[in-house]
Amino acid sequence: MNNATNNAIAGAAVVAAPGQPVQPAPYKKVDLKSDRPTWCPGCGDFTLLDLYFRLCERRQIPREKITTVSGIGCSSRFPYFVQAHGVHFIHGRAVALASGLSLSRPDLHVFVFSGDGDAFSIGGNHLEHAARKNIHMTLVVMDNYVYGLTKKQTSPTSPIGFKSKTDPTGAVDPPTNPMKKLIAAGATFVARTSHTNPQHALQMMERAMDHNGFSFIECLSECVEFYPGAFDAANPRKGGQFTIIEEKKNDGTPEDQKRHDPSDEAAAYKLATLPFPGVFGVFYQAKQPSKNDREQQLIDTARAAAGNAGPLASLQKTFARLK
Amino acid sequence: MNNATNNAIAGAAVVAAPGQPVQPAPYKKVDLKSDRPTWCPGCGDFTLLDLYFRLCERRQIPREKITTVSGIGCSSRFPYFVQAHGVHFIHGRAVALASGLSLSRPDLHVFVFSGDGDAFSIGGNHLEHAARKNIHMTLVVMDNYVYGLTKKQTSPTSPIGFKSKTDPTGAVDPPTNPMKKLIAAGATFVARTSHTNPQHALQMMERAMDHNGFSFIECLSECVEFYPGAFDAANPRKGGQFTIIEEKKNDGTPEDQKRHDPSDEAAAYKLATLPFPGVFGVFYQAKQPSKNDREQQLIDTARAAAGNAGPLASLQKTFARLK
Amino acid sequence: MSNTSNPNSGTAVVANAVPIKDAVIRIAGNSQDGIQTVGELLARYSGRSAQEVMSYMTIPATISGGPSIYQVRIGSDEVLSVGDEVDVLVAFYQHSYEQHIGVLRNGGVLIYDPDQVKPNLDDKRFACVGVPMTSLTIEAVGGKGRDKGKNMFLLGLIARMFDLDTVKLEAMLKDWGAKRDAGTMEATFNAFRAGYGFDIGRMGQNFRFIPNERRTGRPLVVMAGNQAMAYGLIAAGVRFGAAYPITPSSQIMEILRAELPKYGGMFLQAEDEIAAVCAAIGAGYGGRVAVTSTSGPGLSLKTEAIGWAVMAEIPLVVIDVQRGGPSTGLPTKMEQSDLNIAIFGGHGDCPRIVIAPRDVEDAFYSSIEAVDLARHYSSPVIILSDQAIGFRVEAFEEPDLDKIVREMPIDFTPRGADFKPYEDTPEGIPHHAPPGTPIANNNYPILTGLEHNEAGHPGEDPKFHSVMTAKRRRKLQKLAEKLPTPEVFGPAEGDTLLVSWGSSYGPAREAAEKSIAAGEPLSALCIRYLNPLPPGLDKIFDRFKRILVVENNDSGLYGFGQLAAILRSRYCNPRIGGINKADGLSFKVREILEAVHAQAR
Amino acid sequence: MSNTSNPNSGTAVVANAVPIKDAVIRIAGNSQDGIQTVGELLARYSGRSAQEVMSYMTIPATISGGPSIYQVRIGSDEVLSVGDEVDVLVAFYQHSYEQHIGVLRNGGVLIYDPDQVKPNLDDKRFACVGVPMTSLTIEAVGGKGRDKGKNMFLLGLIARMFDLDTVKLEAMLKDWGAKRDAGTMEATFNAFRAGYGFDIGRMGQNFRFIPNERRTGRPLVVMAGNQAMAYGLIAAGVRFGAAYPITPSSQIMEILRAELPKYGGMFLQAEDEIAAVCAAIGAGYGGRVAVTSTSGPGLSLKTEAIGWAVMAEIPLVVIDVQRGGPSTGLPTKMEQSDLNIAIFGGHGDCPRIVIAPRDVEDAFYSSIEAVDLARHYSSPVIILSDQAIGFRVEAFEEPDLDKIVREMPIDFTPRGADFKPYEDTPEGIPHHAPPGTPIANNNYPILTGLEHNEAGHPGEDPKFHSVMTAKRRRKLQKLAEKLPTPEVFGPAEGDTLLVSWGSSYGPAREAAEKSIAAGEPLSALCIRYLNPLPPGLDKIFDRFKRILVVENNDSGLYGFGQLAAILRSRYCNPRIGGINKADGLSFKVREILEAVHAQAR
Ligand SMILES: Cc1ncc(C[n+]2csc(CCOP(=O)(O)OP(=O)(O)O)c2C)c(N)n1
Ligand SMILES: Cc1ncc(C[n+]2csc(CCOP(=O)(O)OP(=O)(O)O)c2C)c(N)n1
Ligand code: SF4
Ligand code: SF4
Ligand SMILES: [Mg+2]
Ligand SMILES: [Mg+2]
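Chains as they are written, first to last, in this note's numbering: chain E, 5 to 327; chain H, 5 to 327; chain D, 3 to 603; chain G, 3 to 603.
Any given hint might turn out to be false.
[Said to hold, decoys possible] Derived contacts from chain G toward chain D, CB cut-off under 8 Å, selection only:
hint, residue
1, G331
2, H349
3, T487
4, R572
No wet-lab data here; the hints were simulated from the structure. Ideal Cβ positions, reconstructed from N, Cα and C, are used throughout, including at glycine.
All chains, please: the whole structure from these sequences, using the hints.
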C-alpha cells in the first residue's frame with residue numbers, strides 16, 4: 005500500500021521532483037517578470053501585477069508552485085506577465101477550472117485573476133458555488149466597471165448612467181454589488197480594495213492568502229481607456245475618500261463597540277449597502293473547514309474503512325461482489 | 005407611421021385577435037386541468053399546481069394569456085399539467101427564456117416554475133441577473149432540497165448530512181440560502197412559503213403577481229419519494245413551527261416597532277440568516293421601475309427623437325448617412 | 003417432475019429438464035413490483051454459473067413508477083443481443099399481457115397471474131400457464147405483507163422451470179438482503195420457496211442450460227455498462243472527476259463519488275456541466291487524467307471547454323452516455339446520434355479522439371483505453387456509450403486486474419531550459435509540466451486557448467496558427483496510423499458488409515451469424531475508433547458490393563446516418579449506405595435482416 | 003501640375019492625371035494615428051463617387067493600440083478582394099516600412115515620412131516619395147497639436163494624388179467632425195489642405211479614376227459587414243435581439259442596441275451567450291423572429307439551446323461572425339472554420355438551416371433572408387459571416403428599402419379546435435400560436451424539447467420519435483428542393499471548378515477572372531446555402547475534372563476542409579478536393595492560383 009494515496013488525490017506527492025533544490029535561492033520580484041504587459045499605459049491592472057510580484061517575493065512561494073489562473077479579459081491576460089506556471093482559460097470559467105485544480109492539488113495555493121465581466125456576468129454562478137463550498141483559492145476581481153478587452157460595453161458593475169457601446173444613452177440596469185453577492189453566497193473571506201491604495205491592496209492579498217478556503221477580493225482597477233476617472237471618488241489624490249473599515253480588536257475599549265466585527269455576517273452585509281465609494285477592507289471572514297479539508301476527511305474515513313487497501317485489492321474486492 | 009410601434013416591442017398589439025370574445029365567460033380552476041400529473045402521489049408539487057389554478061381562477065387571467073414557463077425537473081413538468089400556453093424548456097434556463105418573453109411581450113405576466121437544482125445550481129446566474137435587472141416575471145422555485153427527476157442527488161439546498169446518491173455518507177457542502185441569494189442579487193420581491201400552508205402560499209403568489217418587476221418565491225415542496233419529512237420542522241401538523249413574518253403596519257403602535265419592514269434590505273437579510281425552519285412570508289419588497297418599464301422609456305425617448313418616424317423613413321435616414 | 007423435491011438440496015434436481023443453450027425471459031409488471039431485482043438476480047446467477055447474459059429494462063415515464071419490463075437473455079454461447087422475441091413472458095397485469103404478448107415467440111410460454119390477467123386462451127400459439135402469483139405469495143408470506151414478495155415467488159418459479167441451483171440462489175438472496183430486517187428476509191425466502199415449489203408440470207416442460215463450452219475458466223463478473231465504465235476508470239488510475247447529474251449517465255458519477263475516496267481520490271458534483279468539465283480540465287492541468295461524464299445535453303454544454311482542452315492540449319476523458327435527442331429528447335431511451343457533435347462539435351478546427359465501446363465488457367476496457375489515449379496524446383477523448391449499454395447488465399470474464407490496475411502519479415520531473423509546452427515536434431504531442439514542476443531557467447509554461455507559439459504565449463505571426471493547427475491535427479493522424487484495422491466477422495468478401503459502432507454491434511453481429519447459418523452470409527465489422535478512423539477500412543470496403551452502416555440515428559438530409567456520412571466523406575465510396583432507426587430502441591436482429599433484404603430490392 | 007491650384011475649387015483640378023480603373027492603397031502606422039479614419043473616409047468618398055470599394059484593417063494586439071494597417075481598394079469595376087499587392091504604400095514608421103514593403107507591387111509608389119523612416123533608396127523597383135508628414139503637419143496645425151492631424155495631411159495628399167473632389171471630401175470632413183470642437187476642426191482642415199497642397203510632382207504621376215460604367219445610377223452605400231447585417235435585420239422587421247459582447251461580432255449588437263428603440267424594439271445585453279440565445283428563443287416563442295449574434299466561442303455555448311429551438315421548432319436567427327478557432331483562438335482574425343459546428347453542433351439529430359453571405363452587400367440580404375427562412379420554416383437559421391466580412395467596408399447599391407422594409411407583427415389569429423402545434427403534415431412546418439392566441443376548445447399548445455406527440459406533450463410511444471425526427475428533417479429537405487442552384491462563373495465545364503463559400507467568394511471569383519484573362523480558364527461557384535445544400539450541384543460537378551473547395555480552414559484529418567468533406571459525403575465524388583489555409587488572413591488571389599497549379603502537378 006502506498007502512503008501517498010493518503011493525500012487528497014492519490015499520488016499528488018508520489019513523484020518527488022528529483023534534483024529539485026532543497027533550499028532554492030530567494031527570488032526577487034523582478035525575477036517574476038515575463039511578457040511585457042499589453043495593457044494600456046496607466047491601466048490599474050499594472051498595480052495588481054506588481055502587488056502579486058511583491059506578494060510572491062515576500063512570501064517566497066516556491067517558484068514552481070506559483071500558479072496563476074485567469075479567464076478572458078484585459079485583466080485575464082495576467083498569467084502571461086508572470087514568469088510562473090499559469091493558465092489562460094476561457095471566459096467566465098477560471099474559478100471552475102481552479103476548483104478542479106485546487107481540489108486535486110491541495111498542495112497549491114491557486115490565485116485566480118478575473119475581471120468584472122468574467123467573474124460577475126458569464127462566470128457569476130461558478131463564483132457562487134466555489135464560495136459556498138469554500139474551495140480553497142484566492143479570487144481577485146480586477147473591477148473596472150466596464151468591459152475592457154471588447155472595448156467598452158456595459159459590465160454588471162457599470163453604474164446606472166454610464167455610457168458604453170451597449171448603452172449609448174447610459175446604462176439602465178442596477179449594478180451587481182460584489183460584496184453582497186459573495187457574502188450571500190457564503191464566501192468565508194470577502195474584502196474590497198483599490199489599485200490606488202497599493203499598500204491596502206497588498207494587505208488584503210496577504211490576508212486572503214493566509215485564509216483557509218475561498219477568499220475573494222474586489223479590487224477597483226481603473227480602465228484609463230474606457231472608463232477614466234471611474235474611481236476618483238475613492239481616491240484621495242483625486243479629492244475622493246478611501247475609507248478603511250476599522251476592525252474590532254476585542255480590546256474591551258468603548259471605541260471597540262463601534263468597530264466592525266468581520267465575523268458578523270449581517271453587519272458585513274450592512275456595510276455592503278453603503279453607496280459608492282463605500283468602505284474598503286475585510287467585510288467578512290469566517291473560519292470554516294474548506295471543501296479541500298472536508299474531502300480529505302472523506303478520503304481518510306474511506307481509506308480507514310477499507311483497511312488502507314491499495315487500489316488493486318480494493319477493486320478486486322468490488323469485483324468479487326459483482327460475480 | 006404605425007401607432008403600435010410605440011409599444012415596447014413594436015407590433016405586440018398590432019394584430020388584434022379577430023373574433024376574440026370581448027368578455028369571455030369566467031372559467032373555473034378545473035377548466036385549467038390538462039395532462040394527469042406524472043408526480044408521485046403525495047408530492048408537494050400537486051399543491052403548487054392547485055394553487056396556480058386557484059390564482060388564475062381568482063384573477064381570471066385571460067385564458068389565452070396564461071403563460072407557464074419551466075426548465076427541467078419534476079417540478080418543471082408543470083406546464084403539461086396546465087391547460088394554457090406553456091413552454092417546457094431546457095435545464096436551468098427557464099428564467100433566461102422568460103426574460104426574452106417578458107421583455108418582448110410586456111402584455112403577459114409570465115410565471116416560471118422551477119426546482120432547486122434548476123434554479124440554484126445550473127440556473128443560478130440567470131436568476132440573479134434577471135433579479136438585478138428587475139425583469140417583470142414571477143419565479144416560483146419548488147424547493148424540495150433534492151434532485152427529484154434524476155432520482156436523489158444532492159441539490160444546492162440539501163442540508164449538510166443529507167444522504168443522496170452523490171453523497172452516500174451525507175452531504176458535506178453548506179447549502180445555498182435562496183433568500184440571501186435573491187436579496188443580495190437585488191430582487192425587488194423575495195418571499196418564502198411552503199406547500200404545507202396553501203393559504204399562505206397562495207397569498208404569496210398573489211402578492212408576487214401584483215408586484216411590478218422580478219418577484220421570487222421559494223416554496224418548500226416535499227419530495228415524498230426521495231426526501232420525505234424534509235420539512236416536518238416547518239409543519240405544525242408534524243410538530244413543527246411555521247412562523248409567519250409579521251410585517252410593519254406603520255400604525256404607530258409600540259408593537260409595530262418589532263415588526264419587519266420588508267423595504268429594509270439589511271433587516272430582510274438578517275431574517276434570512278435564521279436557521280431552518282426560519283420564517284415565512286415576504287422578506288423583502290421594493291418599488292423600483294422594472295426593466296420592462298425602463299426599456300419602454302428608452303423606446304419612447306428614441307421614437308420621440310426620431311419624430312415617431314416609421315421604420316422605412318428611419319432606415320432611409322440611416323442609409324443616407326452611409327452614402 | 004416432483005412437487006416434493008427439496009429446494010435446498012444444492013444441485014439441479016428437476017427431472018426431465020430439456021437441455022437448452024439460450025433463453026429469453028421477459029418479466030412485465032410495474033416498476034414497484036421489484037421486477038428489476040428478479041432480473042438482476044437472474045443475471046448475476048447466470049454469470050456465476052458461467053452463462054453469458056444480457057439484460058434490458060424500461061424505465062417508467064412517471065416519476066413514481068408504472069409499467070416496466072425487465073428482460074434477461076441467458077445463453078451458453080455468446081449473447082450478442084437481448085433477443086428479438088422472448089421464450090418466456092411473465093405477465094403480472096392485464097396491461098403487461100396486452101402490451102407484451104406480441105413479442106412472445108410461437109411456441110413460447112406465457113406465465114400469467116390469473117388473479118390479474120385474463121389472457122386469450124384460444125390463442126394456441128403459446129403455452130399459457132396461469133400461476134396465481136398474487137394469492138400464493140400472500141399465502142406464503144402471511145397476510146400482512148400483501149403481495150410484496152411476488153417477485154421472489156416468481157424467482158422461485160423460474161428457478162424451478164430452468165432447474166437453477168437453489169443453494170447458489172439462496173446464498174445470493176442472503177447477500178441481497180444483508181441490510182434488510184429479519185422479517186422481510188423470512189418473507190422473501192417463504193415466497194421464493196413457494197414459487198420453487200409450485201407445480202408447473204402442466205406446461206409439460208422444464209429446461210436446463212447446457213454448460214458453456216467457450217468458457218476459459220475465469221469467473222464471470224456481472225454488471226451494467228455504467229458500472230463497467232466507472233470501474234474501468236478506477237482501474238486506469240483516474241482519481242479525480244467532476245460531473246452534473248443527468249440520465250442515463252448519473253450512475254457513473256454516483257459510483258465514482260462513492261468509490262474514489264477509497265482510492266485516495268475524489269469526485270466533484272459541480273453546479274452544472276460546464277463547471278464539471280472545467281474542473282476536470284483543472285485537474286488535468288494539475289497533472290491528472292480526469293473524467294467528466296454526461297449525456298447529450300451536457301455534451302452540448304461542454305463544447306466550448308472541450309475546445310479549450312483541444313487547443314491547450316490537456317488530457318481529458320469525456321463520457322457521453324447517449325440518449326434520444328435532440329434537446330431533452332428521450333431521456334430514458336437509447337440512441338446513437340451524438341457522433342456528429344462528438345467529432346464536429348466545437349467552433350474552429352477542433353480535432354479530438356472519439357471512441358465507442360460495443361458492449362458492457364468493452365465499456366470497461368474502453369474507459370481504460372481512453373485514459374491512456376488522453377494521457378499519451380494530451381488530448382480530450384470522448385467515449386460514446388449509450389443508454390442501452392449503460393443500463394443493461396452483461397456477464398463477462400473477470401478482467402485480469404493484476405495486470406490492469408495502475409496508479410497514475412503526477413509527473414513532476416524537472417524540465418530543462420529548452421522546455422517548450424507546445425514544441426512543434428514531428429509527433430506533435432506535448433508533454434506538459436504541471437504546477438509544481440521546476441523548470442530550468444525558470445521559463446515556465448502558460449497553457450492557453452489563444453493561438454500560441456511554442457512557449458504558449460500569443461504570437462503576432464499568423465504562421466503560428468498554421469503550424470499549430472497542423473500540429474494538433476497531425477497528432478491524431480499519427481494515432482490513426484497505429485490503430486488496428488477492425489476484423490471482419492464472416493466472409494472476407496461478398497455482397498454485404500454490415501458496419502456497426504457502439505451498441506449496434508451486438509444485433510449487427512448476430513444478424514451476420516444468423517444469415518450465415520441461413521446460408522445467405524452477411525459479414526459484419528465494428529468500428530470502435532471513430533475519430534480518427536482506423537486504417538484499412540477502404541480495402542475491406544472494396545471487397546463488398548454494399549456497405550451498410552447500422553446505426554440508431556436518423557438517415558439525415560441526404561439519406562445517410564452519422565457514421566455512414568463520415569465514411570462516405572472519407573472514402574467517397576458510393577456503395578456505403580445505411581440501416582437507420584430512430585425509435586429509442588436497440589435494433590432487433592430481424593429489423594436488420596429485413597432492412598438488408600428490403601434494400602436489396 | 004501646379005502648387006497653387008485652389009483646393010476649394012470643387013472639381014478635379016490636377017492636370018495630367020493618368021486614368022486608372024483600380025488602385026490599392028495601404029496605410030501603415032499605429033492605430034493611434036487615426037489611419038482608420040482616413041481609410042473609412044476614403045472608402046465612403048469612393049462610394050459617393052460611384053466607385054466600388056473594399057477595405058481591410060488589422061487590429062493591434064495590445065489593448066492600447068500599436069502597429070496597424072488600413073488598406074483600401076478602389077475600383078471602377080467590381081471589387082472582389084482587397085488586393086494581393088498594393089499600388090501605394092504609406093509608411094509612417096520604420097516598422098511600417100519594414101513590415102509592409104513586401105506587398106508593394108513592382109512599380110508601385112512608396113510614400114514615407116522621412117522624419118521617421120529610412121527606406122532603402124537603392125531599391126529601384128518602387129517610386130519612393132519622401133513626404134515629411136510629421137513636420138509638415140506640425141507646421142500646418144501649429145506647434146501644440148504635435149503630430150495629431152497627420153492622418154488628415156495624408157488624406158489631403160491622397161486627394162491630390164488621385165485627383166479627388168475636395169468639395170465633397172471637405173463636406174465629409176465636416177460631417178465627421180460634427181461633434182468635435184472648433185479648434186480641432188480648424189487643425190483638421192489646415193492639415194488636410196497642407197497635404198493637398200504638397201507637391202508630389204517628383205514622383206511624376208497623378209491619377210484619376212475613370213467613371214464606373216457598371217453603375218445603374220442608384221447611389222452606393224458604404225458600410226461594413228456587421229453594419230449591413232444589423233440593418234438587414236431591422237429592415238426584415240426584427241425587433242428583439244439578445245447577445246453578449248464578443249469580438250468580432252459585438253458591433254452588430256451595439257448597432258441594434260442603439261437603433262432598435264427607434265423602431266419600437268429592444269436589444270438585451272445578456273449575462274452570457276446562453277442567456278442571450280434563450281432570451282431570443284423566448285421572444286421567438288412570444289411570436290417574434292428574434293436574433294442573437296456571436297462569434298465562435300459563443301456559438302459553442304449556444305449549442306444546447308439551439309437544439310431546443312430545433313426540437314420545439316421555434317424561429318431563431320443566430321449570427322456567427324467567425325474568427326480564428328478553436329477556443330479563444332485568434333479573436334481578431336478571420337477564419338471559416340465554424341461550418342462543422344454550425345451544421346453538426348448539437349447532440350442528437352438536430353437539423354437546422356445554415357447560410358453564409360459572400361460579401362458585405364450579401365450580408366445585408368442574407369440577414370433578411372435568414373429572418374424569412376426562420377419564420378417560414380419555424381427553425382433556427384445560422385448565418386455564418388466572418389471577421390473579414392464583418393469588419394471590411396464595401397460600397398454597394400443602396401437597397402430598395404421601399405420594397406424591403408417590413409413590419410413583422412405577431413400573429414394572434416385564433417386557432418381552431420383541431421390546432422396541433424406539431425401536426426405531422428407533408429411539409430412538416432408548424433405554425434405556432436404564441437401566448438395571447440385564443441384556441442378554440444381551450445386546447446393550448448405546449449412547446450417542448452422533450453420528444454412529443456402532435457399536441458406537444460411527451461408520449462410513450464417510441465413511434466413519435468421516428469415520426470417527429472422525420473418531420474424535422476423533411477422540413478429542410480423540402481426547403482432544399484426550392485433553393486436555387488448556384489451559378490457557375492466562367493466556362494460551364496472544364497478542368498477545374500473553384501467552389502467557395504462566405505468570404506472566400508471574392509478571391510476565388512477574382513482568381514477565375516484572372517485565369518480567364520490569362521487564357522487558362524478556371525470556373526467558380528459560390529454556395530450560399532450550406533445546410534441544406536441546394537440541388538443541382540452534382541450535375542455541375544460532373545462537368546469538371548476537379549472540384550476544389552476554397553476555404554479558410556484546415557485540411558482536416560483526411561485531407562479535406564469542412565465544406566469539401568460535406569460535399570464529398572453527399573456526392574461521393576472523389577474529384578472533390580480543397581484549397582485550404584489557416585493563417586487568419588483572407589486568401590490572396592495569387593495563393594489560390596498557385597494552389598490550383600500546385601495540385602495540377
Ligand atoms: C464565451 C466568450 N464570450 C465572450 C467573449 C468576449 N470577451 C472577452 S473579454 C470579455 C469581457 C471583458 O470584460 P471584463 O471581464 O470586465 O475584463 P476587462 O477586460 O474589463 O479586464 C468578453 C465579453 C469571449 N472571449 N468568450
Ligand atoms: C443540461 C442538463 N443537465 C442535466 C439534466 C438532468 N436533470 C434533469 S432534472 C435535474 C435536476 C432536478 O432537480 P430539481 O431542479 O431540484 O427539480 P426536482 O426534480 O427536484 O423538482 C437534472 C440534473 C438535464 N436534463 N439537462
Ligand atoms: S482597455 Fe482598460 S482595462 Fe484594458 S488595458 Fe486598457 S486601460 Fe486597462
Ligand atoms: S420524485 Fe419527489 S419531487 Fe419528483 S414527483 Fe416524486 S415526490 Fe415529487
Ligand atoms: Mg472589466
Ligand atoms: Mg429539487
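Consistency of the hints with the structure:
A distance limit of 8 Å between C-beta atoms decides the matter here; for G331 (chain G) the minimum to chain D is near 5 Å, and the interface restraint holds. Taken as an interface hint, H349 (chain G) checks out: its beta carbon lies about 3 Å from the nearest beta carbon of chain D, inside 8 Å. The interface hint given for T487 (chain G) is violated, since its Cβ lies 16 Å from the closest Cβ of chain D, which is over the 8 Å cut-off. Checking R572 (chain G) against chain D: minimum C-beta separation of about 5 Å stays under 8 Å; hint holds.
Checked against the numbered hints above, the structure breaks only hint 3 and satisfies the rest.
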